[in-house]
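Residue numbers (numbering that gives the first Met the number 0), protein chains in the order written: chain A, 0 to 450; chain B, 0 to 450.
Since the list gives no way to pick out one identical chain from another, each pair is judged satisfied if it fits inside one copy or across any two copies.
Using 30 Å as the maximum straight-line C-alpha spacing, the simulated DSSO-like pairs for lysine-lysine come out as follows:
#1 Lys-358 x Lys-280
#2 Lys-381 x Lys-140
#3 Lys-153 x Lys-138
#4 Lys-93 x Lys-138
#5 Lys-252 x Lys-447
#6 Lys-414 x Lys-358
Calculated directly from the structure, the hints in this document are not laboratory data.
2 protein chains.
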Amino acid sequence: MKEINTDILIVGAGYAGIAAAKKLHAAQQDFMVIEARDRIGGRTLTEDLESGVTVDMGAKWVGPTQHLVWEWIKETHTETYDTYDQGKNLLKFKNKITSYTGTIPKIDPISLIDLGITISKMNKLSAQISLTEPWNHPKAKEFDAMTLATWMEKHIWTAKAKHLFEIGIQTVFAAEASEISLLFALFYFKSGDNMDTLISIKNGAQQSILKGGTQGLIKKIAASFLDKIHLESPLLRLSQQANGIIAETKMLKINARKCILTIPPVLISTIEFEPPLPQQKAQLYQRMPMGAAMKVYLIYPTPFWREMGFSGQIVSDEYPLKVTFDVGHTDSELGVLLVFVEGNDARNFIDLEEGTRRKMILERVEKIFGHQASMPMQYIDKCWTEEVYSRGCYTGLMGPNTLTQFGHQIRAPFKHIHFAGTETADKWCGYLDGAISSGYRAASEVLKETL
Amino acid sequence: MKEINTDILIVGAGYAGIAAAKKLHAAQQDFMVIEARDRIGGRTLTEDLESGVTVDMGAKWVGPTQHLVWEWIKETHTETYDTYDQGKNLLKFKNKITSYTGTIPKIDPISLIDLGITISKMNKLSAQISLTEPWNHPKAKEFDAMTLATWMEKHIWTAKAKHLFEIGIQTVFAAEASEISLLFALFYFKSGDNMDTLISIKNGAQQSILKGGTQGLIKKIAASFLDKIHLESPLLRLSQQANGIIAETKMLKINARKCILTIPPVLISTIEFEPPLPQQKAQLYQRMPMGAAMKVYLIYPTPFWREMGFSGQIVSDEYPLKVTFDVGHTDSELGVLLVFVEGNDARNFIDLEEGTRRKMILERVEKIFGHQASMPMQYIDKCWTEEVYSRGCYTGLMGPNTLTQFGHQIRAPFKHIHFAGTETADKWCGYLDGAISSGYRAASEVLKETL
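Here chain A stands alone, though its shape is the one from the complex (with noise of 0.2 Å):
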């Protein structure tokens, strides 16, 4: 076992950790970073095809309000394009195929009606939330008691209008509104805005792609410092003393003054603490569970869709597909289709084989789309509840009492133990924007205390 001497020692190289390391850098403090998969990007993986094609099997998307994403774009010059937005898009309900423009898709006047008050009626609720303090709001208690779907049980009154509502959850939070508590839902929302801008490609979370993908752009910001990177490293211990930290991995001990941990909640519950957590932390991340979506990308000869007329987009509420978007490059003859499957129905198709997820998604494009969409040049997806490293995405949950109860502990540090990801963040939770600027507090904390 070798052992090594750094000053902070960072667990995990995603987003969260990366920013992490880039203050201390700035900041020319001693540092290093263990990550335990073979490569770094955490939850954003960017693959490039044999078609040119380059993908984002992970976190794709920016939105104009991701202000520190966007530094990191400026800064390392990154080029980005804007999803395909234009043509209709097409709603398939009860067998039924309808096309419609913008967000809210055409359906009855009552159900859209009754959508569209949902929907104002969810951003007036968590408009009222504290980014900060969640729990103080004065209803906390009582939205923290149920779940999403209770609520919208008891306020949405048409079954076309429940269902699309609850499509557009599965897709933000890759769960069920039955996961999820009522006060969590409020918060996130709250946290990228609001629900508009969550669900919204045009001035929404899905507004900007970037060339060369999210775990690109990671890339070149860790680009300076990866010589104080070393992967395949999964921490297995962590023990605390008077004055500092020893981490251990199968091959390293570290020892560090401090220690910044960016891991998902569920898998701090897998490392062996000495002291133990607190057991109000200990049970916190028994109780952050991660959600669950798949990602297909479909590549064409070309976006034919968009000489019929369409977007690209689809919802669905046929299982498995959900959700779809044309990605593709706008430097490129290529069509791109990326196909979102979400919770449940994740769960479940993740289970079938490769081949018969292919011919399933492909049935259902076929559908929609007619006979070329029966014939990519390439079908590949991507199953993240598979990945030990993640256990899940996008993001760790909070079902009911979990916020109000233990929300105060997320950001807590453990003695020299301090926590970043994108779960600790309050602008923009569940996103890079967040999990950025989670590393950048955490490293602040650290450094407030080395000064």
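Given chain A, work out where chain B should sit, using these hints.
This is chain B only, laid out in the frame that chain A set:
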């Protein structure tokens, strides 16, 4: 690292693991048990106090329909005695103390009717639930999309009945009604016959106490194969080959043909599996957090409350004291009061210093039983959320969308690995009896594959 070969490896020496071992031992199989702690018993822990009183700091009671525990009791000639259940019970509610007899407190007639109706509604609903496939109930999805708190909000009309029902729930689950799904609660009640059984002393789950404690019982059962149990051996890694498994602890490398994993769900997440757990199983174990309870024993020179005509049973709405029992041995002159602090109260209470905890509990008891109550010979308490090899108590809970989506995974073997533990039981899930039956079941699975 010492290498050991065995046919069947059992992980965990709690009631489930020892039950599996007992069965394999009787069938003259080659097996061994590894246990993380320096003792056997898991969530049972019996302490002999200096005063001569024996207390169960973990699981304590045995109910009349817990037949498997009774078999062990008879086999080991263990004496039992009844929980003291004579005299008047006390209800402290909004600074008013009233006395009553039986399980249901003396409250105003409308609240009383409301409470009775609620419990009867609950029993009616839970009677419809299948213990082996609770997810097959026609309304399973609906019941699993809401918290038990939501159901209570809808069905209980008076504040007093709601408050009392809530205390009942906290006492049964060591958790809040907002933490668990309605479907899980219904399953759990049915699993222990019905809600009445779970909250009752006479003919209920709190009827009998073992002389020598529940850990004493398991020690007797394990006595004939103690040499097969390796203590202080937390499992770190479990890899599977075509013909068996390799288990690694810090000191041991164990080759076995089959493995029975009996540890709590939340601890399964901490093991490194190769190949990784099936993704739905992995997601399930992210979703079964442990409850939180604190057990406090107050030892007095005499059970003075008996002379005052009281049973020692208190139900109180004042933090932190929720429920008390007189658990004094029939052959002792000492008074033994057992105080429960449950759910969120327990989580908050455990964070206080022991001196403060003692002071608060004694103040509460004094208010009810008078000055004598403030001067016990001994105060002793136990925080199960601080036990890293349990991470809470009594059991792994299920929030919404868990039982319906992941329930079928709980007993599903994974290649050569079989799963036991009270959380996997259909009958008496969460209790000692369920732990035993789960161990027997897993042993049967392994034996069937052996023959």
